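**Q** Numbering (our numbering), first residue to last: 1 to 353.
It should be emphasised that the hints constitute simulated quantities derived from the structure, not laboratory data. All values derive from a computational prediction rather than experimental measurement. Just so it is clear, CB atoms sit at the ideal spot from N, CA and C, and this is done for glycine as well. A couple of the hints might just be wrong.
[What the hints assert, rightly or not] Distance condition first, Cα-Cα at most 30 Å in a straight line; then the derived BS3-like pairs of lysine-lysine:
{"hint": "1", "residue 1": "108", "residue 2": "198"}
{"hint": "2", "residue 1": "198", "residue 2": "209"}
{"hint": "3", "residue 1": "24", "residue 2": "145"}
{"hint": "4", "residue 1": "209", "residue 2": "160"}
{"hint": "5", "residue 1": "127", "residue 2": "25"}
{"hint": "6", "residue 1": "127", "residue 2": "143"}
{"hint": "7", "residue 1": "107", "residue 2": "295"}
{"hint": "8", "residue 1": "198", "residue 2": "320"}
{"hint": "9", "residue 1": "295", "residue 2": "160"}
{"hint": "10", "residue 1": "295", "residue 2": "209"}
{"hint": "11", "residue 1": "143", "residue 2": "198"}
{"hint": "12", "residue 1": "320", "residue 2": "25"}
{"hint": "13", "residue 1": "107", "residue 2": "209"}
{"hint": "14", "residue 1": "160", "residue 2": "24"}
{"hint": "15", "residue 1": "107", "residue 2": "143"}
{"hint": "16", "residue 1": "127", "residue 2": "24"}
{"hint": "17", "residue 1": "198", "residue 2": "160"}
{"hint": "18", "residue 1": "25", "residue 2": "108"}
{"hint": "19", "residue 1": "209", "residue 2": "24"}
{"hint": "20", "residue 1": "145", "residue 2": "127"}
{"hint": "21", "residue 1": "295", "residue 2": "320"}
{"hint": "22", "residue 1": "320", "residue 2": "108"}
{"hint": "23", "residue 1": "198", "residue 2": "145"}
[Unchecked claim] Across the chosen pairs, the derived CB separations fall in these ranges:
{"hint": "24", "residue 1": "13", "residue 2": "298", "range": "26 to 32 Å"}
{"hint": "25", "residue 1": "18", "residue 2": "87", "range": "38 to 44 Å"}
{"hint": "26", "residue 1": "11", "residue 2": "262", "range": "52 to 58 Å"}
{"hint": "27", "residue 1": "114", "residue 2": "18", "range": "35 to 41 Å"}
{"hint": "28", "residue 1": "166", "residue 2": "261", "range": "39 to 45 Å"}
{"hint": "29", "residue 1": "85", "residue 2": "25", "range": "33 to 39 Å"}
{"hint": "30", "residue 1": "133", "residue 2": "346", "range": "21 to 27 Å"}
{"hint": "31", "residue 1": "89", "residue 2": "58", "range": "50 to 56 Å"}
{"hint": "32", "residue 1": "4", "residue 2": "89", "range": "23 to 29 Å"}
{"hint": "33", "residue 1": "150", "residue 2": "58", "range": "35 to 41 Å"}
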Amino acid sequence: MDDSPLVHFRDMIDHCLDHAQAIKKQGRPVVGIMCEFTPREVIMAAGAAPVCLCGGDLGTIAGAETCLPANLCPLIKSTFGYHTERANPFLEWADLVVAETTCDGKKKMFELMAETRAMHVLELPQKPDDPDAFAHWLREIRKLKSVLEERFGVRVTDAKLRAAVRLMNRERGLRRELADLMALDRPPLTGRQLLEFKSLISGIASDLKQYERAVHIYREGTAAPGSPRARAAEPPPVRVLMTGVPMVHGAERVIELVEGLGSVVVAQENCTGLKPILEDIDPDAADPLRAIAEKYFHLPCSVMTANRRRLQSLAALAAKFRPQCVIDLIWHSCLTYDVESFGVRRLAEGDLG
1 MDDSPLVHFR DMIDHCLDHA QAIKKQGRPV VGIMCEFTPR EVIMAAGAAP
51 VCLCGGDLGT IAGAETCLPA NLCPLIKSTF GYHTERANPF LEWADLVVAE
101 TTCDGKKKMF ELMAETRAMH VLELPQKPDD PDAFAHWLRE IRKLKSVLEE
151 RFGVRVTDAK LRAAVRLMNR ERGLRRELAD LMALDRPPLT GRQLLEFKSL
201 ISGIASDLKQ YERAVHIYRE GTAAPGSPRA RAAEPPPVRV LMTGVPMVHG
251 AERVIELVEG LGSVVVAQEN CTGLKPILED IDPDAADPLR AIAEKYFHLP
301 CSVMTANRRR LQSLAALAAK FRPQCVIDLI WHSCLTYDVE SFGVRRLAEG
351 DLG
């Protein structure tokens, strides 16, 4: 099926390059983002295209180690290597990079990157259950809005924010519908195939069309090659819930190894999977900026303390997708996820059995 949605998303980088080039020719800005905490809706409402810049290429790490320690997280080094090697066209086209104070390694890397690139840093609150934390976060989102308006000479109106919210809700909803198909006894996709259904740039019209096609095709009974539905004559594979760090573009080898051993990853609780798409935003909220801030504030990242929402989310996903085991993926030197692994193991082996 040369025109299948899977084929379309396997060429995702090319589609994003074409889209970013078209944006630049229109005189519109490109804004690089480093984390799911950055609200794409605010950037879109400013007339800019948000592009994910997280690195997953091993080849850029050596260049990064001229400045960064070798025992740092590989995602951070790969991302910074794109900067030092000038190897990422999206980064080179970016009129602004929006960074976030997540882990310590990223924060210090951003300082070095900001020496030569325009950057705005969002300060994340650390205590999600503290009433003052959201007030601080809302101020940071309002500040981001002001920075975008001033830098690009635009006005971010409530109407523009609501339009961006509706677009992102549509994309999140379609991706959730695809992910929900993995709850079937015989899913029509492998976890690796489902991971293809993402884009570095959100809201591209052709991507949305292909999401809709994929939902229709696979809900109606079509099976992707190698999926449990396509191998119905064989015993059902072991159902796996993956959690932990993101599997960014170029770093998908982990899920290939896991499924190559005879399993199917039915749920991916991470930033490249379900975590950022589980919650939508009310487009009719009286204060759309506040509604946007609330959605992103709820992300259960391991940099938060205490990060109870992650365990609650894992329990809910386990009830829905019925995994037989949990695999917790931690990149080298990712200390926050590494420490949280103790709680994840206790939840999986204790409460979830």
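**Q** Decide, hint by hint, whether the structure agrees.
**A** Evaluation of the provided hints:
A threshold of 30 Å between alpha carbons decides the hint, and for residue 108 with residue 198 the separation of about 28 Å falls inside it, so the pair holds. With a CA separation close to 13 Å, the supplied pair residue 198 and residue 209 stays within the 30 Å bound. Annotation: proposed proximity of residue 24 to residue 145 holds, straight-line Cα distance about 21 Å (limit 30 Å). Taking the CA atoms of residue 209 and residue 160, the gap is near 22 Å; set against the 30 Å cutoff, the hint holds.
A distance of roughly 42 Å separates the Cα atoms of residue 127 and residue 25; the hinted pair therefore is violated under the 30 Å criterion. Restraint check for residue 127 and residue 143: satisfied, since their Cα atoms lie roughly 20 Å apart, inside the 30 Å limit. A distance of roughly 23 Å separates the Cα atoms of residue 107 and residue 295; the hinted pair therefore holds under the 30 Å criterion. A hinted pair counts as satisfied when its Cα atoms are at most 30 Å apart, and residue 198 with residue 320 qualifies at roughly 22 Å.
Proximity of residue 295 to residue 160 is assessed by CA-CA distance (about 17 Å); at most 30 Å being required, the pair is judged to hold. Straight-line distance between C-alpha atoms of residue 295 and residue 209 comes to about 25 Å, which keeps the hinted pair within the 30 Å bound. Restraint check for residue 143 and residue 198: satisfied, since their Cα atoms lie roughly 28 Å apart, inside the 30 Å limit. Distance check on the hinted pair: residue 320 and residue 25 sit about 45 Å apart at the alpha-carbon level, beyond 30 Å; violated.
For the hint pairing residue 107 with residue 209, the CA-to-CA distance comes to about 37 Å; that exceeds 30 Å, so the pair is violated. Our distance criterion of 30 Å between C-alpha atoms is met by residue 160 and residue 24, whose separation comes to about 20 Å. Between residue 107 and residue 143 the CA atoms are separated by roughly 19 Å; this keeps the pair inside 30 Å, and the hint holds. With a CA separation close to 39 Å, the supplied pair residue 127 and residue 24 exceeds the 30 Å bound.
Distance restraint check for residue 198 and residue 160: the Cα-Cα separation of roughly 24 Å lies within the 30 Å cut-off, and the hinted pair is therefore satisfied. Taking the CA atoms of residue 25 and residue 108, the gap is about 33 Å. The hint is violated against a cut of 30 Å. Distance restraint check for residue 209 and residue 24: the Cα-Cα separation of roughly 23 Å lies within the 30 Å cut-off, and the hinted pair is therefore satisfied. Restraint check for residue 145 and residue 127: satisfied, since their Cα atoms lie roughly 23 Å apart, inside the 30 Å limit.
Restraint check for residue 295 and residue 320: satisfied, since their Cα atoms lie roughly 22 Å apart, inside the 30 Å limit. A threshold of 30 Å between alpha carbons decides the hint, and for residue 320 with residue 108 the separation of about 39 Å lies outside it, so the pair is violated. A threshold of 30 Å between alpha carbons decides the hint, and for residue 198 with residue 145 the separation of about 26 Å falls inside it, so the pair holds. Between residue 13 and residue 298, the C-beta spacing of about 30 Å keeps the proposed range 26 to 32 Å intact.
Separated by about 19 Å at the C-beta atoms, residue 18 and residue 87 break the suggested range of 38 to 44 Å. A hinted range of 52 to 58 Å is violated for the C-beta pair residue 11 and residue 262, which are about 29 Å apart. Checked against the hint of 35 to 41 Å, the C-beta distance between residue 114 and residue 18 comes to roughly 29 Å, which is inconsistent with it. At about 41 Å, the CB distance of residue 166 to residue 261 agrees with the hint of 39 to 45 Å.
In this structure the hint that residue 85 and residue 25 lie 33 to 39 Å apart at CB is violated, the actual value being about 25 Å. Between residue 133 and residue 346 the C-beta distance comes to about 26 Å, which sits within the given range of 21 to 27 Å. Between residue 89 and residue 58 the beta carbons are some 19 Å apart, a value that contradicts the proposed interval 50 to 56 Å. At roughly 27 Å, the beta carbons of residue 4 and residue 89 sit within the given window of 23 to 29 Å.
Checking the proposed 35 to 41 Å range against residue 150 and residue 58 shows it holds: the Cβ atoms sit about 38 Å from each other.
Figure legend: structure checked against the earlier numbered hints; hints not met, in rising order: 5, 12, 13, 16, 18, 22, 25, 26, 27, 29, 31.
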